Amino acid sequence: MLILDKLEVQHGNYRLTADLTLKKNAVCAIIGPSGAGKSTLLSAISGFIKPTSGRISHDDHDITHLAPSKRPVSILFQDNNLFPHLTIEQNIGLALCAKLKLKGKDKQRISDMLNLVGLSGFENRKPAQLSGGQQSRAAIARILLQDRPLVLLDEPFGALGPALKDEMLDLCVDMFRKTQKTVIMVTHDPIDAKRISDCVIGIKDGKTSDVLPTGAFFKEPPMGLSRYLGS
Amino acid sequence: MRRYSFKHSSILGAAAAALILFMTIGTLGAVIYRADGLTGISAQDWHVIRFTLTQAFLSALCSILFAIPLARALARRAFFGRSLLISLLGAPFILPVIVAVLGIIGVFGNNGIIAKSLNIPTSIFGFHGIIVAHVFFNLPLATRLILQGWQAIPSESFRLAASLNADCRKVLERPMLRAVLPNAFLVIFLICLSSFAIALTLGGGPKSTTIELSIYQAFRFDFDLSKASLLGIIQVIICAMTVLVLLKITKPQEPTTGLDRPVEMWEKPHPVLDVLWIVSAFIFLAAPIAVIISDGIPQILNLHSSLWPAAIRSIWIALLSAFMSLFLSLCLATWIVSLKTKGKWIEFIGALPLATSQLVIGTGLFIIIFPFIAPYELALPITATVNAIATIPFCLRSLVPAIRDAEETFGKLSDQLGLSGYARYKILIAPRIKRPMGFCIGLSTALSMGDLGVIALFAQPGGGTLPMAVYSLMSAYKMEEAASGALLLILLSFVLFWIFDQWGRKNAHS
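Protein chains in written order, with numbering that gives the first Met the number 0: chain A, 0 to 230; chain B, 0 to 509.
Certain hints may be false.
As the list claims (entries may be wrong) - Examples of chain A residues toward chain B, derived with CB under 8 Å:
1) PRO71
2) ASN80
3) PHE82
4) THR86
5) LEU95
6) ALA97
7) LYS98
As the list claims (entries may be wrong) - Distance ranges between label pairs, derived from CB positions:
8) A:GLY34 x B:ILE368: 53 to 63 Å
9) A:GLY34 x B:ILE24: 44 to 54 Å
10) B:GLU407 x A:ARG124: 23 to 33 Å
11) B:TRP497 x A:ILE190: 48 to 58 Å
12) B:ALA151 x A:MET222: 37 to 47 Å
13) A:MET222 x B:PRO174: 41 to 51 Å
14) A:LYS98 x B:GLU407: 18 to 28 Å
What the hints assert, rightly or not - Chain A residues, not near chain B, derived (Cβ > 12 Å throughout):
15) LEU85
16) GLY120
17) ASN123
18) GLY157
19) ALA162
20) GLY223
Just so you know, these hints were derived from the structure itself, not from any lab.
Just so you know, these numbers come straight off a predicted model, no measurement behind them.
Where is the CB? At the ideal position from N, CA and C, for every residue including glycine.
Using the sequences and the hints given, assemble the complete structure.
This is the structure:
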């Protein structure tokens, strides 16, 4: 269970307040107009921005002041999820050892994970030798290997075409549900939210709405978000 | 914003910054402390100050005046060898001063090509010789800076000007020059202010002496620390003021790529003039080097006995200096990037070596070391260290943007993966900055290889660097032996630069 308890974040002139509770294993979308604070919220949860007040706790542990790598959080960024100068094996291996000293056992785990996302035999390739979809699969494999309970998706797969994007979203959610992750996805596209999430948080003018079931959220958008969402 | 993974970098960065502060301001302090009160500025000192300012002003002015038409010609003409010529304009930066001086004497001196072929007596020593040498070094720099200005004009502007039938020089070139020239002028002015080797070799006695040269003379010949420190302070004040103005007027420039393609200009008047400018600039810049090559080749296999040991010493100093410079610059650059906007102050410290005098640093180190060990014993390590400090500003200029870019693109991912300390350097930074790193090592090696500055303070007979050995031969009027030494010096400088630069290019990842 992730709890944002009266969280306040200041980012330049911009202020965000969030107060919400997210159930374990939920797949939740954060949706709102650009500049509303979606990414700021994600940065606060992942530890890139320090909150000015309030608490973040996960499963009764206070994680408000932990470094990003010490949090129970892994992130899929919009792009640049792989280091172009490392092989796929090394990129994924970073989940196991930041110093990249990979033992035989680690390599086996990496290969198994690559199998799982449909990239068997890609260990020694560089990201540039992979298609956009394959690169996304490699990034997903690393998140699975990190095996942290919370997965944040920051406008994922924005660089992919619509069909491929849908395919990746489905793969993502399928994998993360199977491994019982709690997923939070930032998006500006209602279609993405409707496709994969079971609950939605609206965000506007630096404030978050309650966590609503996806159906209910789009039926009656809170905080006057209906204008942004359209009909 | 808070970053968690920079603790090590701030310790190393602070240590590097402290070392730079010690080497620049600390050494000046030592000189002042040892000076037993400053004597007043004598009439001769005033003359030296005036001379320094005048020659720097005229050198910068001439470089820019010639560079404007040359850059215009290069910007609008497409011809075979254009991009090669433009890259060659970058070469004087790493060309050892003593080589250029020998070449200039070979062309303009009283035994030079011009004197011989026209049969008129010429002299290159003195005020005009210093100006010629400064223009030789800085005309290419000015041309490149103005060419970057041309390249920064969007191609739409040229199309718009063409469709309106507007005068390109009025609506495009002049506004561009107004933006570019003050910066270019001040950079060259600053370079010429701290001119030592050119004044040492081409200056004609007490009448044409720069401040740096006077510091050297006060220290080396009279051991007059009071005079040396007074001049040192004056030098630092003048340079620091120039740097401050320079920092104030310099806008952060976006790196312009593609100097290798001409601008899209439709109306191209004066083709003859353009050709004339390009050809004469080429002759002016190439002739001295050609003289060195033709004079040096006959002797290159039979080098003067002093040259080989000096060359070996020079290579050691250059490599030591380059790696010191790279290490310090890396520590500093990582810290600057991690501090975000506050890093400006540290960048300022990194630019300090531009404002300080190498001769003052050398004198100060001498005073500090003297009680413990004979400084002449440490001539080579001291030279390497001072050279390393002197090249830090150039290294920072290429490393800071590269590291900033790596952090902006992959910093969050690295934080997320817990990459910190050395692992962060090895996995995130190093692979992303191979190319500027190779360039920095190459640049520092070549600059140190060709340096004729601090070593002149410390060197014992028979213990100097290759530029010192060439200078000694030249002073003894052994011009052909000097030319062969100069040829060896060019070869070593450029080969070392090329090796490291290629290493960076080859290992660069997109």
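### Message
Are any of the numbered hints broken by this structure? If so, which, sorted upward?
### Response
Of the numbered hints given earlier, those the structure breaks are 1, 4, 5 and 15, listed in rising order.
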